[in-house]
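Assemble chain B onto chain A, guided by the hints.
Chain residues, written in single-letter form:
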Amino acid sequence: MINFDEELKKYKPSLEVDQAEEAIQRNDLRDVVDIVEEMLQEFRNDPKRFKQF
Amino acid sequence: MNCPKCGTPLENTYRCPKCEYEEPTMKRIIRASNYHYNVGLSKAKIRDLSGAITSLQMSLKYNKRNTDARNLLGLVYFQMGETVSALSEWVISVHFQSKGNVARNYIKKVQNNQGQLQVINNTIQNYNLALKYLDEGNGDLAIIELKKVVNLNPNYIRAYQLLGLLYIQHKQYSAAKKILSRALKLDRNNITTVRYMNELVGYSRQKRKGKDIERERAAYVQIKDPNPIVIERTSGGYTDFSTSTLSFVNILIGIIIGAAVVGLLVVPSIQKTKAAEYNKAVVEYSSQISERNKEITTLQNQVDALTNENDGLKNSADTTSQADSGKNQELLIQAMKSYLDNDFVTSGTVLADVDKTLLDSQDAQAVYDFLLAKTRDTVVNQLYAEAYEYYDQKDYMNAVTYFRKVLNLNGDSVEAWFYMGRSYQYLTDFEQARNCYNTIINNYGDSDYAGDASSYLSQIENRASESTASEDQTSGEQPAEGEPAEGE
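In the order they appear, the protein sequences are chains A and B.
Taking the numbering used here, the leading residue of the first sequence gets 1, the next gets one more, and so forth.
Taking the numbering used here, the leading residue of the second sequence gets 1, the next gets one more, and so forth.
Next comes chain A alone, as it looks inside the complex (with noise of 0.2 Å):
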């Protein structure tokens, strides 16, 4: 059975066309290359702290 208050609640506002701008800033452009990096980025600064893995 569905909850109907429930499901309406999934149902947020769409953005509109002027509001495009925001959606880009709010989108999270962090991908896996940019995890490998960073954490290949940790590896040189601390090299002893992955040793202990």
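Quick caveat, the hints were computed from the structure, so don't treat them as lab data.
Please read all numbers here as calculations on a predicted model, not as lab measurements.
Where is the CB? At the ideal position from N, CA and C, for every residue including glycine.
No more than 20 Å apart at the CA atoms, straight line, and that leaves these computed lysine to aspartate or glutamate pairs for DMTMM-like:
| # | chain 1 | residue 1 | chain 2 | residue 2 |
| --- | --- | --- | --- | --- |
| 1 | B | Lys171 | A | Glu7 |
| 2 | B | Lys61 | A | Asp31 |
| 3 | A | Lys9 | B | Asp135 |
| 4 | A | Lys9 | B | Glu136 |
| 5 | B | Lys109 | A | Glu16 |
| 6 | B | Lys132 | A | Asp5 |
| 7 | B | Lys294 | B | Glu284 |
| 8 | B | Lys5 | B | Glu23 |
| 9 | B | Lys108 | A | Asp18 |
| 10 | B | Lys109 | A | Glu21 |
| 11 | B | Lys374 | B | Asp343 |
| 12 | B | Lys171 | A | Asp5 |
| 13 | B | Lys5 | A | Glu42 |
| 14 | B | Lys108 | A | Glu21 |
| 15 | B | Lys61 | A | Glu37 |
| 16 | B | Lys108 | A | Glu16 |
| 17 | B | Lys27 | A | Glu37 |
| 18 | A | Lys9 | B | Glu199 |
| 19 | B | Lys132 | A | Glu16 |
| 20 | B | Lys274 | B | Glu284 |
| 21 | B | Lys374 | B | Asp355 |
One-sided and incomplete, this derived list gives chain B residues near chain A with beta-carbon spacing under 10 Å:
| # | residue |
| --- | --- |
| 22 | Val91 |
| 23 | Gln125 |
| 24 | Ile168 |
Ranges of calculated distance between the beta carbons of each label pair, as one might list FRET restraints:
| # | chain 1 | residue 1 | chain 2 | residue 2 | range |
| --- | --- | --- | --- | --- | --- |
| 25 | B | Val194 | A | Lys48 | 46 to 56 Å |
| 26 | B | Arg104 | A | Asp28 | 17 to 27 Å |
| 27 | A | Met39 | B | Arg104 | 26 to 36 Å |
| 28 | B | Leu141 | A | Met39 | 46 to 56 Å |
| 29 | B | Asn112 | A | Lys48 | 51 to 61 Å |
Then chain B, alone, in the frame of chain A:
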């Protein structure tokens, strides 16, 4: 990420463009991203749009610079009616790859069609308004707004889903089924849509198993909105069929109301005016008829009066005629007495005064003829001598009287006709003179007086024409040629 050997940045590639070194981690990441892109592309081809979105988002989670995946994600968003999301993806795609990127064309196409963009914005506003109505508890208004949205933007899957959910909530299962079927045609494996459809099937089975099957069937069939989906999509254009239909219906209703107003207000006024004019005309004609009747009565009275007068005149004429007849009888008796006394001259003279036409009986006319035969020659000569004597003395009145007596006894006396004409001419009675001259010319044309009669007749005609030309000359003037010839 940079190349471990030469430090060159590796953007959207695992092979260093400078030293050709293949970075293994980057290679795995890019391959994983491409794999999910391929899966997403496959799902998009079979219209599993929500599945394609999941795969493409996964692809971009591995590699945000995967331009193909981002462009395809934008297309899928656009196909689902999420235009703002599509534009966002394309803008980011252009940001990462500004040259040779098809996303630039997509953005241009959308931006150049301002009408379509405005329609899209309106649908989004209506959708948000529907959500606001729902927050306020106005489900019916929300349904109306969502119907507008799906009419304006038939690809807006979220609107279909919400509308289907509201129909289910309002137990309009048939309408919900139509809406959700439409959404499933756009996006086959949309989890939300499929879940709603499954719920809908459950509701239907549950209803059918109920005790009051007929009632439940009626409830199932009873649709508040018989036509939730208005139109099929045509040639990709955005048309507001419902709005135009409503406008047409409104115009039709307006025409009907206008006709009713004319029928109820204007027509009775016109009829009242016509009735007043008709009554006025009737009164006018009645007065005219009354006047005519009065005139007819007056004329009838005049006719009666004239008839009476005519009768009186007729009686008077009869009396006069009777008197003349009696006088003739007396003159005839007097002539007979003189004849019996051998006084033929007196007898003929008296007889000349008798008018034969007034003698009633044949006996009297026979006596007249007898006396005339016996006395005519003697009396005619004497009367002619007297008449000429009057004429010679210019006593034209008596001359005319005696010439007429002569002619009464002897109508063939050309001399009497001639001198009587001359006497009338002197008396300026040209009509009588003309008759005398015409008698001579017509009946006695070979006589000696015919030429003179013609001459005098010409004078009379000339004088008549001159009188017509000049009214100053009156009939009282004596004719210039009026002197009788001495030798006549």
